[in-house]
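Throw the hints in and build the complete structure from the sequences for me.
One letter stands for each residue in the lines below.
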Amino acid sequence: MSEVTMVRIYWREGKGSLPELLQRLHEEEQVRGVTVFRGVAGYGGSGVLHTTTLVDLSLDLPLVIEFFDTPERAAQIIADLHDSIGPGHIVSWPARVND
Amino acid sequence: MSEVTMVRIYWREGKGSLPELLQRLHEEEQVRGVTVFRGVAGYGGSGVLHTTTLVDLSLDLPLVIEFFDTPERAAQIIADLHDSIGPGHIVSWPARVND
Amino acid sequence: MSEVTMVRIYWREGKGSLPELLQRLHEEEQVRGVTVFRGVAGYGGSGVLHTTTLVDLSLDLPLVIEFFDTPERAAQIIADLHDSIGPGHIVSWPARVND
Chain V
1 MSEVTMVRIY WREGKGSLPE LLQRLHEEEQ VRGVTVFRGV AGYGGSGVLH TTTLVDLSLD
61 LPLVIEFFDT PERAAQIIAD LHDSIGPGHI VSWPARVND
Chain C
1 MSEVTMVRIY WREGKGSLPE LLQRLHEEEQ VRGVTVFRGV AGYGGSGVLH TTTLVDLSLD
61 LPLVIEFFDT PERAAQIIAD LHDSIGPGHI VSWPARVND
Chain F
1 MSEVTMVRIY WREGKGSLPE LLQRLHEEEQ VRGVTVFRGV AGYGGSGVLH TTTLVDLSLD
61 LPLVIEFFDT PERAAQIIAD LHDSIGPGHI VSWPARVND
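Chains V, C and F supply the protein sequences, listed in that same order. Note that the first sequence covers residues 1 to 99 in the working numbering. Note that the second sequence covers residues 1 to 99 in the working numbering. Note that the third sequence covers residues 1 to 99 in the working numbering.
Do not take every clue at face value.
In this list, chains with the same sequence are indistinguishable; a pair is considered to hold if it fits within one copy or across any two.
[What the hints assert, rightly or not] With a straight-line cut-off of 20 Å between C-alpha atoms, the simulated SDA-like cross-links for lysine to any residue are:
1. K15 - V40
2. K15 - M1
3. K15 - G88
4. K15 - D83
5. K15 - E3
6. K15 - G33
7. K15 - L81
8. K15 - R32
9. K15 - D80
10. K15 - H89
11. K15 - N98
12. K15 - G44
13. K15 - P87
14. K15 - R73
15. K15 - E72
16. K15 - I85
Simulated from the structure, these hints should not be mistaken for lab results.
See the structure below:
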């Protein structure tokens, strides 16, 4: 088992530029694996509830971009992303991965 | 970076009252951001496997309600929710958020 | 509150045999609850970006299989799954559950 840092970035579909963020994580930060999850409901700083139904799939839904990396690399990536993501949207914690 | 507590509440669509729970988190508990994720498969205490396909979207699928807050507020919210959510369905751990 | 270990297994739809894995977790490992989440985008070791749109739902999307159990049982399950899941795909960390 190796020590890693789990990172979750809270995003919103309407913010756009998710492909840019993924490309940045892949090419510049060289994170080996990233998964993006879409929430089905939620609310953010605005307090406006975002939700979806089968007939209403185009709303501004929450997204979470998740990855893990070594503690040193994760700390550097979080510092690199801080300016473009903004405060209060990058959560991280220590974990272990099988190897 | 600030210390926070991540909280994940395991729910099921058929339990209903998700909007009530979100409203309670928003208005009474004043959690600043909440995201709800829908699982595509899973099983709970009943041991019955719940799954979905493109032609079968109405099943009783698992939901996870996720948020983070200060350790003190998160502990209070977990205590407040315990009775209505039931034991074994609220998981939490320490994390950090960029600020 | 009881100490538990959160476990997240990173999988991919095209790998197949998800029902087998769930059955194994349920019957052999006797995990009481498991939730499977499907990512809407991501990339893995291959570096190939996987994504989806409403008209393109059949891609090889990332899946995460999540559960929690006592630290002792989780450690055993991770060891049992290591050979079939492969290195670098099972992440775990300590958490607490209400009880």
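Structure-based check of all given hints:
Both within a single protomer and between protomers do K15 and V40 lie at most 20 Å apart by alpha-carbon distance, with minima of 17 Å and 16 Å respectively. Taking identical chains as interchangeable, the C-alpha atoms of K15 and M1 are never at most 20 Å apart, the minima being 36 Å within one chain and 23 Å between chains. Taking identical chains as interchangeable, the C-alpha atoms of K15 and G88 lie at most 20 Å apart only when both belong to the same chain, with a minimum of 16 Å there against 31 Å between chains. For the identical chains of this complex, K15 and D83 are intra-copy neighbours only, at 15 Å inside a copy versus 37 Å across copies, given an alpha-carbon limit of 20 Å.
Taking the closest pair of Cα atoms, K15 and E3 never come within 20 Å of each other, the shortest separation being 32 Å inside a single copy and 26 Å across copies. Proximity of K15 and G33 under a CA criterion of 20 Å is satisfied inter-copy only: 16 Å between copies versus 22 Å inside one chain copy. Proximity of K15 and L81 under a CA criterion of 20 Å is satisfied intra-copy only: 15 Å inside one chain copy versus 32 Å between copies. With identical chains, the CA atoms of K15 and R32 are at most 20 Å apart between copies only, with a shortest distance of 18 Å across copies and 24 Å within one.
Taking the shortest Cα distances, K15 and D80 sit within 20 Å of each other inside one copy (19 Å), while across copies they are farther apart (33 Å). Proximity of K15 and H89 under a CA criterion of 20 Å is satisfied intra-copy only: 13 Å inside one chain copy versus 30 Å between copies. In the homo-oligomer, the alpha carbons of K15 and N98 lie at most 20 Å apart only across protomers (19 Å), although the nearest pairing inside one protomer, at 34 Å, exceeds that limit. Proximity of K15 to G44 under the C-alpha cut-off of 20 Å is restricted to the intra-copy arrangement: shortest distance 13 Å within a copy versus 24 Å between copies.
In this homomeric assembly, K15 and P87 come within 20 Å of each other (Cα to Cα) only inside a single copy, at 15 Å, whereas the closest approach across copies is 34 Å. For the homomeric pair K15 and R73, neither the shortest alpha-carbon distance inside one copy (26 Å) nor that between copies (29 Å) is at most 20 Å. For the identical chains of this complex, K15 and E72 are neighbours neither inside a copy (28 Å) nor across copies (31 Å), given an alpha-carbon limit of 20 Å. Taking the shortest Cα distances, K15 and I85 sit within 20 Å of each other inside one copy (10 Å), while across copies they are farther apart (33 Å).
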